[in-house]
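*Asks:* One letter stands for each residue in the lines below.
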Amino acid sequence: MPINDLYSLALDEASRLGATYADYREEDITEQSLSVSDGSPELLNKSFSTGFAIRVIADGAWGFAADSIINEDSIRKTAATAVEIAKASARINKSALELAERQVVEDAYATPFKKDPFAVPLSEKIEFLSELERMMRIDSQINSTSAFMTFIRTQKFYASLDGSRISQDIYQAGCGASCGVIRSHRDRSERSFPTPNGQWITGGYEIINMFDFKNELPRIAQEAIQLLSAKECPQKELDLILGGDLVSLQIHESVGHPLELDRVFGYERNFSGVSFATTDKLGSLKYASDMLTFVADSTYPGGLATYAYDDEGVKTERNILIDKGVLVNYLSDRETAHRIGKKSTACARAEGWMNTPIVRIPNILLLPGESTLDEMISGIDDGIYVISPNSWSIDDNREGFTLGGEVGWEIKNGRLGDMVKSPRYSGNTVDFWNSCDAVGNSDSWVLWGTPNCGKGQPGQNMRTAQGCSPCRFRKVKIG
Amino acid sequence: MPEKLEILSRDYILSTFKKALEFSEADQTEIVLESEKLSLTRFADSKITQNLTTADNKVVVRTIEGNRIGVSVSNSLDLESIKRALKAAREISSVQTPDEQFVSLPQSPPALPVKAYYESTANYSPVNRAEAIGKINDVGQKNNLLSSGAYRITTDRAAVLNSLGTEQFFEGTKAELSLTLSGDNENSGYAIGYNRDVEKIDPTALAEKAADKAVNSVNPIKLESGPYTVILEPSAVGQMVLLFSFLGFGCKTFISQRSFMSGKIGQQIVGNNITLIENPYHERMQGMPFGFEGVPRQKVYLIENGIARGVVWNSYYANIAGEKSTGHAHPAYKTFSPYPGNLVMGEGNSSVEEMIASTERGIYITHFWYVNYLNPMRTMVTGTTLDGTFLIENGKLTRPIVNMRMAQSIQEMLQSCSMISAEKQLYPQYSVVMLLPYLKVENFNLAAEEA
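Protein sequences appear in the order of chains A and B. Per my numbering, the first sequence starts with residue 491, numbered consecutively. Per my numbering, the second sequence starts with residue 10, numbered consecutively.
Source of the hints: derived by calculation from the structure; they are not laboratory data. The reader is advised that the hints may include incorrect statements.
Now the in silico label distances, taken between C-beta atoms and shown as ranges [to be verified]:
(1) B:Glu332 to A:Lys721: 49 to 55 Å
(2) B:Arg293 to A:Lys704: 51 to 57 Å
(3) A:Gln631 to B:Arg293: 44 to 50 Å
BS3-like mimics (lysine-lysine), calculated; alpha carbons at most 30 Å apart, straight line [to be verified]:
(4) A:Lys721 to B:Lys28
(5) B:Lys231 to A:Lys584
(6) B:Lys151 to A:Lys965
(7) A:Lys567 to B:Lys28
(8) A:Lys584 to B:Lys343
(9) B:Lys56 to A:Lys911
(10) B:Lys308 to B:Lys92
(11) B:Lys333 to B:Lys261
(12) B:Lys56 to A:Lys615
(13) B:Lys231 to A:Lys967
(14) B:Lys124 to A:Lys771
(15) A:Lys833 to B:Lys56
(16) A:Lys911 to B:Lys151
(17) B:Lys56 to A:Lys771
(18) B:Lys308 to B:Lys124
(19) A:Lys584 to B:Lys92
(20) A:Lys584 to A:Lys833
(21) A:Lys814 to A:Lys967
(22) B:Lys56 to A:Lys805
(23) B:Lys92 to A:Lys567
(24) A:Lys771 to A:Lys967
(25) A:Lys615 to B:Lys343
(26) A:Lys567 to A:Lys814
Beta carbons are placed, not taken as given, at the ideal position from N, Cα and C, and that holds for glycine.
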């Protein structure tokens, strides 16, 4: 990378037409997706997408244009379009935008991996997925099975008018399986492993060795059968333990999104909502209990959002967001960081070459505590343990929420009891995180990948990650 | 003047695809184009925060060897790139497990022509969009409100050619203006306009509609949880109907028994005043007249007077079930169930004014926020009201209320519609366009939110 040397033409042309800031981003994305369902091949697809984008500031406003055709003519037209758009924006905007400072660098980064997923024969992958399906067919009642794997390689090159030149070669991988019993539309069950989205990392084909599928898949199949005759989830206030996978979703929805600084400033009001965590609360809001510290860290190895530079050329580093329960920082890009007098936390990311970078959730880590799951359970007289997220909704201010899991178990007098179906819980973000009184230790800590975070217009799908262990919450509304 | 990025001509696309088909040595070959030129201006706090134009193509190649299927996707439209995609697809189909249920690619006649392309929309420039946002800001300023939203202009092209002689091409434009006007007291109002022809969208009228709601939403009262009579604007109806459609109207969910339609064809499943039709040919819909296998789309009665009538099919699942494709295939790289893309709900004979006047105590809902499934088996969804929720007392809108969270079965909602408006509005959501009336619904479950 770069694939070609036209980037300097793009930057020069934008400058010549009046841009005071310009960056050029070119991406070459290769994706391979395989899935099997009910014993048949469902999909085997390889896709390629190449293109470039030019983002400018002219007359103090943003303009952005992108094209899939990369040649001198399209570069000139795209640069002209971007500048023309910026000047149209400036007809409305009364004040010129400013960006937080960042270092000008020349650098390259590549995801470390153990096994190149694109070098593994397709036949081996198909056989692996078929074997996962067979592992779940433990009983004739199991009449729905599926398994998937996806590998994505994104080669990207970023160049800016002020001199940065950054190449990154990112490998992402996902894998998972699910099964169920379908007796009728209203009488059915489903279980997934490791989560309904599978698990996702930056890395290679080694993802398939991260889990004990041989033991775990028959277990979830058994649970799918048990769910059909499981009790309904109780509807009352109870103590709650969330599995790490559900804590991950809770972090994503009620820590990650509320702390996106563009959302805080209302940029997403009409589409993705706003945030209660306004900047007047920075440094004082008791967001969570004392034992909870949340860190944004896209340097953490293997996270689905592990990268070296964001799409504005800002280097990633570890930033504490919530320190022992207190809000201390936001997820930001250069524009929004400048508005609070801080430096960007390197969260400006675009789904692909055709998308403009916006503030996205990186790897967010809830630092591990000291408890084991058994210790958390033993401290509950009447409660519920829920895993495997399958339902979520949170209000436009990121406060009131309701989330649910595929399966739960009652906790009675310090012991796990009967299975319950369709467990759901609801609450208010700040009250909920402040009710947390136990955090799982590092043995149970997992960096969960989320492959389908949606935000922005046009809708941009982003891959994020949340690192966490199971947590215990007191007096939560269940059902 | 229009933005400078250009899209390739119909003649180039068709002739290139035909050459690529001649090159293919697979038993059967299909080449599909999904192309979009997108121009979009986003605004917030009455300023433009994002403004862009992009152009991209997806060329989806599907090759068949016996009953082994390979798929490859490229975004390059030149012949050499398509040949590379053909090679990649054939490499896949050579090792793929045979799909015993696959019969053949379809052989289809030309689809009916639909007027969906408007020069007015295709040429709508960044300056035009900025001027529209200026008009919205003017309304906001008069009412001491800030504006946010997005003005989205697209030119879509689709083509399907296969080695059995199928050849389809479509070009259409879309204009969508979504806006929120908000004040200092957490008061807000929302409006949305959609049309193939941008000249049919009136930014000032939409802004005034949103402003009226925002101005009247100051100092809301909190209501108790419970079942309420509600009047839903078409946007709110659309959010519910869309999830209902995803749950039940696709062939894949239908034949796997996951659909509320499974085993119910011919039976009453919702109120007898409810009719839902997939109809790309409706004069206000102007939908794409074929699916991504090239099969002409059919008008499909999904629910007629409350009775389950049918679902939409692609050729693969139609072959399995002994049905005929209704022309609703997705491109081959998508595995989720086909679904209707042009949903038309049957109208009633009421007006929204009559609905309000006939309501002793109820709630008027503009739209919902973050609607998601709670229990798909019972068509249960949740989400909160937003941007204009009002109490109705003794036949009049009386005061704003604090947003509430619904937990509602959509099927039960459609069993409880007491009035349906004659007026209908177009409402786009994701890739689906719906034409929907206002609904008055009894016993709609709303709860005080935890915020």
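*Asks:* Decide, hint by hint, whether the structure agrees.
*Replies:* Taking the hints in turn, this is what the structure says about them:
1. A hinted range of 49 to 55 Å for the beta carbons of Glu332 (chain B) and Lys721 (chain A) is inconsistent with their spacing of about 39 Å.
2. Between Arg293 (chain B) and Lys704 (chain A) the Cβ separation comes to about 56 Å, which falls inside the hinted range of 51 to 57 Å.
3. A hinted range of 44 to 50 Å holds for the C-beta pair Gln631 (chain A) and Arg293 (chain B), which are about 48 Å apart.
4. For a cut-off of 30 Å, the pair hint linking Lys721 (chain A) to Lys28 (chain B) is broken: about 61 Å separates their Cα positions.
5. For a cut-off of 30 Å, the pair hint linking Lys231 (chain B) to Lys584 (chain A) is broken: about 38 Å separates their Cα positions.
6. For the hint linking Lys151 (chain B) to Lys965 (chain A), the alpha-carbon distance of about 47 Å lies beyond 30 Å, and the restraint is violated.
7. Only pairs whose Cα atoms come within 30 Å are accepted, and Lys567 (chain A) paired with Lys28 (chain B) is accepted, the gap being roughly 29 Å.
8. For the hint linking Lys584 (chain A) to Lys343 (chain B), the alpha-carbon distance of about 44 Å lies beyond 30 Å, and the restraint is violated.
9. For a cut-off of 30 Å, the pair hint linking Lys56 (chain B) to Lys911 (chain A) is broken: about 47 Å separates their Cα positions.
10. For the given pair, Lys308 (chain B) sits about 36 Å from Lys92 (chain B) by alpha-carbon distance, which is inconsistent with the 30 Å threshold.
11. Proposed proximity of Lys333 (chain B) and Lys261 (chain B) is supported: the alpha carbons are some 14 Å apart, at most 30 Å.
12. At roughly 50 Å between alpha-carbon atoms, Lys56 (chain B) and Lys615 (chain A) are farther apart than 30 Å, so this suggested pair is violated.
13. About 20 Å separates the Cα atoms of Lys231 (chain B) and Lys967 (chain A), which keeps this hinted pair within 30 Å; it holds.
14. Of the supplied pair hints, the one linking Lys124 (chain B) and Lys771 (chain A) is violated, its CA atoms being roughly 53 Å apart against a limit of 30 Å.
15. For the hint pairing Lys833 (chain A) with Lys56 (chain B), the CA-to-CA distance comes to about 23 Å; that is within 30 Å, so the pair holds.
16. In summary, the hint linking Lys911 (chain A) to Lys151 (chain B) is not supported, as the alpha carbons are separated by about 53 Å, beyond the 30 Å threshold.
17. A hinted pair counts as satisfied when its Cα atoms are at most 30 Å apart, and Lys56 (chain B) with Lys771 (chain A) qualifies at roughly 24 Å.
18. Simply put, Lys308 (chain B) and Lys124 (chain B) have alpha-carbon atoms about 17 Å apart, close enough for the 30 Å limit, and the pair holds.
19. This hinted pair does not check out: Lys584 (chain A) and Lys92 (chain B) have alpha carbons roughly 50 Å apart, beyond 30 Å.
20. For the suggested pair Lys584 (chain A) and Lys833 (chain A), the alpha carbons sit about 24 Å apart, so the restraint of at most 30 Å is met.
21. Taken as a hint, the Lys814 (chain A) and Lys967 (chain A) pair is honoured in the structure, with Cα atoms around 25 Å apart against an allowance of 30 Å.
22. Taken as a hint, the Lys56 (chain B) and Lys805 (chain A) pair is honoured in the structure, with Cα atoms around 29 Å apart against an allowance of 30 Å.
23. Straight-line distance between C-alpha atoms of Lys92 (chain B) and Lys567 (chain A) comes to about 27 Å, which keeps the hinted pair within the 30 Å bound.
24. For the given pair, Lys771 (chain A) sits about 26 Å from Lys967 (chain A) by alpha-carbon distance, which is consistent with the 30 Å threshold.
25. Restraint check for Lys615 (chain A) and Lys343 (chain B): satisfied, since their Cα atoms lie roughly 19 Å apart, inside the 30 Å limit.
26. Of the pairs offered as hints, the one joining Lys567 (chain A) and Lys814 (chain A) is violated, with about 51 Å between alpha carbons and a cut-off of 30 Å exceeded.
Checked against the numbered hints above, the structure breaks hints 1, 4, 5, 6, 8, 9, 10, 12, 14, 16, 19, 26 and satisfies the rest.
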